[in-house]
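Dock chains B and C against the given chain A, drawing on the hints supplied.
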Amino acid sequence: MKLNGESPKIGVYICECGINISATVNVEKVVEYARTLPNVTVSRYYKYMCSDPGQALIKKDIKELGVDRVVVASCSPRMHEPTFRAVLEDAGLNPYCFEMANIREHCSWAHAHEKEKATEKAKDLVRMAVAKAKLLRPLEKKEVPVIRTALVIGGGISGIQAALEVANKGIKTYLVERSPSIGGRMAQLDKTFPTLDCSACILTPKMVDVARHPDIELLTYSIVEKVDGYIGNFKVTVRKKARYVDIDKCVGCGRCAEACRLKGRVDDEFNENLGKRSAIYVPFPQAVPLKYTIDPNKCIYLKTGKCGEFPPCKKACEANAINHEQKDEVVELDVGTIIVATGYDLFDPTEKPEYGYGKSNRVITGLEFERLVSSSGPTGGHIEIDGKEPKKVVFIQCVGSRDRKGNEYCSRVCCMYTAKHAHLVREKVRGAELTVYYTDVRAFGKGFEEFYNRVKDEGISYMRRELDDPIEVVEKDGKVVVKADGHPDIEADLVVLATAIIQRKDIGGLAKVLRISQGADRFFLEVHPKLRPMDTATRGIFLAGCCQGPKDIPDTVAQASGAAARAAIPILHGKIDLDPQTSEVIDKNCDGCAYCIDPCPYKALTLIEYMRDGAIKKTVEANEALCQGCGVCQATCPKQGIIVRGFTLEQISAMVQALLGVT
Amino acid sequence: MSDDFEPLIVTFCCNWCSYAGADLAGTSRVQYPPNIRIIRVMCSGMVHPNLVIDALMKGADGVLICGCHPGDCHYLEGNLTAEKRAEAIRLMLEDLGIETERFRLEWVSASEGQRFGKVVKDMVEQIKTLGPSPYRTQRMTQ
Amino acid sequence: MSDEGVKVGVYVCECGINISATVDVEKVVEYVKSLPNVKIARHYKYMCSDPGQQLIKNDIKELNIDKVVVASCSPRMHENTFRNAVEEAGLNPYCFEMTNIREQCSWVHKDREKATAKAIDFVSAAVARASLLEPLEKRKINVTPTALVIGAGIAGIQAALDIADSGYKTYLVERTPSVGGRMAQLDKTFPTLDCSACILTPKMVDVARHSNIELLTYSEVTDIDGYVGNFKVKVKMKARSIDVSKCTGCAVCIENCPVTLQPQIPKKPEKAPAVRDKGYIDELIAKHSHHPAPLVQIMLDVNKKYRYLPRDVLEYLSFKLDIPFSTIYRAATFYKAFNIELRGKYHIRVCMGTGCHVRGARNIADMVRDKIAGAKEGLFSLETVNCLGTCALGPIMIVNEEVHGNMSVDKVDDILSSLGGE
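Chains as they are written, first to last, in numbering that gives the first Met the number 0: chain A, 0 to 662; chain B, 0 to 141; chain C, 0 to 421.
Chain A with its partners taken away, still in its complex shape (with noise of 0.2 Å):
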């Protein structure tokens, strides 16, 4: 490639766009004028620059005038930027000299009346792209290989979905789960709603799946401590917890949890504790892998060192695979992309105490419903409170929801899930009294409507109020009385309040490990809400699920398999180009006193030190790969030690001073 450092040779194209430009610029005045400039070797115009002999034109200046440095002035560089750059590439220069004078929508079609203004405002704008050709310097763009792994934190529905599709396209894909079976919320549901399907009917074949799938590597029991690297290149740190279960040995037999002297005294939390397991335990029958945890903050041998002469459970256990001095282990994973599906938690209703929650236990939460209806629960299926099927029966919406001093969101599920709580009631008691407080039912899904028109025809009240109208719920004579203003007060034997899907409360950690930003609603804040919804502002973490904000099980499956395909691609790309219109350390500039490190929105910048004749020299180092060319470096820095490539402080204000007519 010919490229003449202080001398270059710049050719200036001047496009007629048919009349869009000439009508108004004088193109062929600003023709002259360019020849005027220093460097410039050659200055046409032509009907069409972009058309093919329009391009020609440039290739063959570039091959038979030695033309080194390009500008075209035409449209907007946002049009045809692209279209020039492959044509320089074609003529063997670097794809970097060439700039773009916007003489179009900035001048011809904006000014169509004042043909000598913008005729003069043309020449302006080639002299200044002029100036900026004369300081551009070639660039080379990187390219990174991609490590054809994927991670997926959260093994729910959505991290499920995620983890098989991404592995369906043959990408070995980590699923990394902090309980110890996957399943997520999903598991605990009895039926989903509109269709009133079995919630495990249709999850544990998934989660089956995940276990078998040959390109899928299920890290249960497991938390993300660390992340390094940049898309194509994480570094995770992963720590499995101790189980004190060896799972290679364990059968999932049960045995142990028989045999554990803590049997049925330990609040079992996916009973939403209205059930109580042993010391040991799998959370439910179906748990994929399906094998024994050993709850250390119960288990008497853990917390003391001694459970009676030999703990019960390793003496039942025929397969060996308890050992209660098992260590956790932390593994390093190298992956390429990362999808995020951590779920969700549950508004706590004690912090509306006028709900009653927590005061009686005749006030229960959706979730809670959720264990109390279902055949796996602890009641086994039989809707019963203190042994006795309640009759009467209310429903209190938007607990937590659309509150403008708090949640001020929708939880988008509340609305059906309650619907269906009110028709498993009127299926499974009979001759019970149901009511609905709503305040506004959002039957917006796909059967969700007619869902509902199903179940207000079964004989359930909806009552309307307002939700700062207020209520209370309080115990009386072994009942719950529901006071709700502007309604009769109704005696209920059992209240479920359908609180707000919120962000995981112990969520901060991880945001930060990862450097993805959480929104005002604390969910993780996707790129574009509309255009990138499961993009993160950091390269190559992807969002899916309840994370990124309140969803029902068909919208959280499909933004699964959206953010699937879009963590597959850089994989199956290979490769990430990166830009080289990155920030560069002028080394001999800068002097480490790291004023742009705190300003950069990526955390791309890092303070150095090493050792320079003799010396300790501070330095900034940029990483290309995390950098994305915003310049706010460049901006900051007093001394011009850092600058942006292809829009360097230099090549800038050489604009400013050729239009300023100042050298």
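These are computed hints drawn from the structure, not numbers from a lab. All residues carry an ideal CB built from backbone N, CA and C; glycine is no exception. Check each hint, because a few of them may be wrong.
Restraint-style ranges between C-beta atoms, simulated for each label pair [stated by the list, open to error]:
#1 167(C) - 4(B): 55 to 61 Å
#2 28(B) - 187(C): 17 to 23 Å
#3 416(C) - 449(A): 57 to 63 Å
#4 135(C) - 328(A): 57 to 63 Å
#5 585(A) - 233(C): 55 to 61 Å
#6 48(C) - 296(A): 30 to 36 Å
#7 615(A) - 4(B): 41 to 47 Å
#8 87(B) - 505(A): 37 to 43 Å
Straight-line Cα separation of at most 25 Å, DSS-like style, residue types lysine-lysine; simulated pairs [claimed, not checked]:
#9 120(B) - 114(A)
#10 574(A) - 375(C)
#11 117(B) - 187(C)
#12 59(A) - 8(A)
#13 168(C) - 140(A)
#14 114(A) - 117(B)
#15 375(C) - 304(C)
#16 314(A) - 44(C)
#17 57(B) - 127(B)
#18 240(A) - 313(A)
#19 127(B) - 116(A)
#20 638(A) - 587(A)
#21 109(C) - 205(A)
#22 205(A) - 137(C)
#23 314(A) - 109(C)
#24 139(C) - 168(A)
#25 113(C) - 168(A)
Quick look at chains B and C alone, frame taken from chain A:
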């Protein structure tokens, strides 16, 4: 000031919103005064304060920076950085005896072709009432 | 059912004591050994463990076992494990059968004897099936590494971009002249109120520029053949009458085009349009002028006289009554009593209702159609109608107002001849 004073305004537009907004102004044939010269930058946060001061010291009659609306920044919050810097720039201009009105930071989205035209028109009118830059003699052109 | 040469190996798992506590595995094994084709039967503590799998592999190699039955947990759990083991020993993985004596037997029964009997039944059935298993080969079909996206709104655009970015050639077919779809028609998008076009157009440009996307605008998919991996799609690229490779989109052509498509509101003519029998029509108008809504009354008379509503008459009425032509046309086509086209002197209606249809109305109608084809112009016309409400008499044919029931093909001839047909 004579009526035929034609101010020269150096304009920095961020690539993602404002430059596209200026493109849209042209595409929709919004007519605005030809007194601005747009320099494309990747982000409004990329404009070094020295560029602004330099331009005004060397005879530009005004400097306009256009960026994405807060919250819309392609680079998360480069525009907010620009906003903070604008404060500092105004202080410097006061020190240098340049009217702070000669410098403006405006938000123009990619959909605001009309607004871009209006911003330019307003600014040109304002600079016309201010008259030529006191440093105009520095300028070699026109 | 003893096939010559089939050698079945049966492996009963104890699953620690999960199975053996309830099922007498030794008894099962003993029984199984007596079954036809069973070459070997064993039990082991954990069949899924490495030593367990090794047992199977050894037998395949040393005893030439060619069908394997494992009686243990659910195949949903370990079918793959054992298929792999069998395959590793050089046997076709589909020569394997699993029977579930844990989840569906030992764990759900207490009675050891009955559970053992059930397990024996399970295993015997599995052996019977295993004897008939055939090696199966997984077939692989090449997949054409290209995709087609139909529709280039935002959904199609995004789908095409993601597939193309993954490195696959993608055809994007859009039936209108441009990509963009509904989203391009929107002004702002909720809830962020960002401009729809601004966020959409960069994607549209990406589609146009993408080296893996071939854009077929103003095109329609007309035919799809084949199956997953190998679809053959026919796309009709409609003529634009513009050479796309030359057009630069400058829009000068629009400026010069003399035709502007804008809603044209027809002006009322200056003077009354020409009409047949002007005197008669004027008379009708005068006759019904006292009526609050004279149009239908007049049209009834007109229809009676001409046996249809001639267009010139309707246009004349539109002018005279000052009613838009579209309104008149709407009324004329709405009522059954009016005809827009000339009817024969004898208007024949053949009922096609269910009652008449099953008795051969179709033949009657065909016959009538044949017969009147050669008759004098304006003599006959045919209309098929849905149910005239006299199903008992079907098939029904009505000539003007005269009803002919129990029609037959022969009767058609008679009736038409009597009316002057041939």
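Next on the checklist: Tell me the numbers of any earlier hints that the structure contravenes, in ascending order.
Outcome noted: 4, 7, 10, 21 and 25
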